[in-house]
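Student: All chains, please: the whole structure from these sequences, using the hints.
Protein sequences appear in the order of chains A and B.
For reference, each letter of the first sequence is one residue, going 21 to 459 in the numbering used here.
For reference, each letter of the second sequence is one residue, going 178 to 453 in the numbering used here.
Simulated from the structure, these hints should not be mistaken for lab results.
Just to be clear, a hint being listed does not mean it is correct.
Unchecked claim - When the alpha-carbon atoms are kept at most 25 Å apart in a straight line, the in silico BS3-like pairs for lysine-lysine are as follows:
# : chain 1 : residue 1 : chain 2 : residue 2
1 : B       : 393       : A       : 456
2 : A       : 367       : A       : 456
3 : A       : 458       : A       : 405
4 : A       : 458       : A       : 367
5 : A       : 311       : A       : 266
6 : A       : 458       : B       : 374
To be verified - Away from chain B, derived, C-beta distances all over 12 Å, residues of chain A:
#  : residue
7  : 63
8  : 68
9  : 192
10 : 239
11 : 246
12 : 247
13 : 265
Every residue, glycine too, gets a C-beta built ideally from N, C-alpha and C.
The residues making up each chain are set out below.
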Amino acid sequence: MQLKKPIGATLASATCGLLGALPAAPVAAQEAPNWEVDSSFLYYGEDAGRVMDGSLTTSIRRVLDEDRSFTLNLTLDALTGATPNGAVPANSVQTFTGPSGAQDYRIAAGDPPLDPNFHDARVAAAASWQQALGNSMRWTAGFSGSDEMDYLHLGVDGRLERDFNRRNTTVFIGGAYGRDEVSPIGGAPIGLSPMLPSVGGGEGEGEGDEGGGGAGETKNVIDGLVGVTQILSRRALVELAFSYGKSNGYLTDPYKILSVVDPVTGRPVPGPVGSGLNLYLHELRPDTRTKQSVFAEFRYALDRDSFAVSFRLMDDDWGVTSQTAEARYRWNISADNYLEPHIRYYKQSAADFYRTVLFAGAPLPQFASADYRLADNETYTAGFKFGHRTERGEYSVRLEYYHQTAKPSPGSAVGDLAAFDLVPPLNAVIAQFGYKFKF
Amino acid sequence: MACPCVVLCETDDTDFARCLAAHARAEATRIDRKFSRYRRDSVVHALHASRGRPFRVDDETARLLEYGAALWRLSEGRFDLTSGVLRHAWHFDEGRCDADPALIPALLERVGWQQVTWEAPFITLPEGMEIDLGGIGKEYAVDLVADWAASQSDSPVLVNFGGDLRCTGAAPRSGAWMVGIESIERSGEATRRIELKSGALATSGDARRSIVIDGKRYGHIFDARTGWPTPDTPRSVTVAADTCSQAGSYSTLAMLQGANAEAFLQSEGVRYWCLR
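Tutor: Next comes the structure, spelled out in structure tokens:
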């Protein structure tokens, strides 16, 4: 029993008679999308033959209703290249044993010691649930995990937010707990023990044999965060946050070593008798670390564009203190295109136990690491992101250039070492291509 | 209006916001009283007291009667301004229904726009018949307030009288007004979310007011030709159109199509959401 012909035109005419006129703008109504997908491919490449990483990330969010949603993240990473092993260059060829005996490597005289056995593949996944509790409160809970050849991470996290002052003020509190298992190839070496030659290459022989870590070492991390976001005006808001973190367990990098050199000549000294290697000691870090940081961000909306400026101060019980300053400007070129330049400055003081090199004859410190990431360093990052919106979604390209310089620990440049760049600068490029859409 | 009436506005201009609220309240009250069946000072009451004699109506009432007449023609008689008397056979009360079908044939004799003589500005309503503008009055009020707001300011405004709504002016800062269609199962929770950038939305059907007889579910909009509510209606029909009156008419006519509601709206080419 259908009506015979479409009624639209007649109805419009009747409505015109009722109201006197019809509105100029036609109706525009559509169902709000329930799915949001954000995916990107990222390339990270350091210079001088160092690390290269390619990763693919996808985030899928499903909105169930206005109060609840669910998000799933998946990342696949592949790492290759070489990374500093912590030793310093020398005027002679240096031989290092790789983990598990199979990958011994030699570094030419004068070259920076880079460990080429740096390939890995990683899978990481995270799931979280977001829910509103009434009109002014929201909570999120999630868990995450990642797995690579020698490292497994499992974690849970949660966050609670509450609005006040007609939503002009939001207070948030969050926490996370992670349990990581490090299973270094060949077992975790005993800290500050000498690097030994690989024997035969069978499992359990070589370094791990000295009663080292066995199957795996664990590490527990808890983090807490508390903060507030405050709207200052129609255009401005500020966020302040304080975070605290404590890790304990195996915090050492099982693949990093320190060179032991003659305190006058700076040349490598021989390792254990019959080993045929120089003396290199495996690094050792404390088994606890407590970090605190304060973060402040200011965001401002201009008529067309917007910008954000942030600062972070971090301090821990390893002696590392750092300052970060970051700024971002969003230039909305048109309704569909934007360009967002970005700069960041980071400065860090060295950990108490950071040593670029150890000296033969000096007493062994309780802890020592030559990892350049624990040294006095400064990093400059500059880049931009360009985005283009289409009807279905948004494409984006991000390019960043990263330059880090580090200082060796004082008194390291003795003898031969004075001619070398003991902690060479790091330059890296990040290129990221992304596509996000809703449906 | 028997429903919550809300006006939302994004503006810096507190004077405009106050005027808008006052105007919306005044118009809703005025229309409600002018066409109320219960008030002695209403036009409808005076019309019913005319006892079959030609009755002169003002311009606004004339336009509403003309609109109702157009809907009667477009729905082939299913929608009828004179079908109000059928309520005497049906009592809706929070999902329960007491009905007396034996009364329907007698009541049907008092239903039928074809029995009305309408030559603007005079209407001759046979004695015993009634005019009920409840089916179109609320959407009309929304349109009046929205048109007024548009004439006063470009600020984004949303006029929402009990789920029949229309927005005007620029889109809000977030890009669109977010409207939830209430879930049938869980009252107060939105089962669908609609982004409205311009235009109107109207919803017909209300789970709390439907009735079930012999296992068949009926809506609460009467088909004036039969005296019965249409069977097999969707539990809720929401339509998007340029004006609230058009949106409301589409959703009412769709409900009157019963099982064919979706097909009807599909062939009309309008955006709609049906919940069954």
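Student: Next, verify each hint and record whether it holds.
Tutor: Right, here's what the structure says about each hint:
no., hint, result
1, B:393 x A:456, "violated (46 Å)"
2, A:367 x A:456, "violated (34 Å)"
3, A:458 x A:405, "holds (20 Å)"
4, A:458 x A:367, "violated (39 Å)"
5, A:311 x A:266, "holds (6 Å)"
6, A:458 x B:374, "holds (17 Å)"
7, 63, "holds (33 Å)"
8, 68, "holds (47 Å)"
9, 192, "holds (21 Å)"
10, 239, "holds (43 Å)"
11, 246, "holds (28 Å)"
12, 247, "holds (24 Å)"
13, 265, "holds (35 Å)"
When held up to the earlier numbered hints, the structure conflicts with 1, 2 and 4 and fits the remainder.
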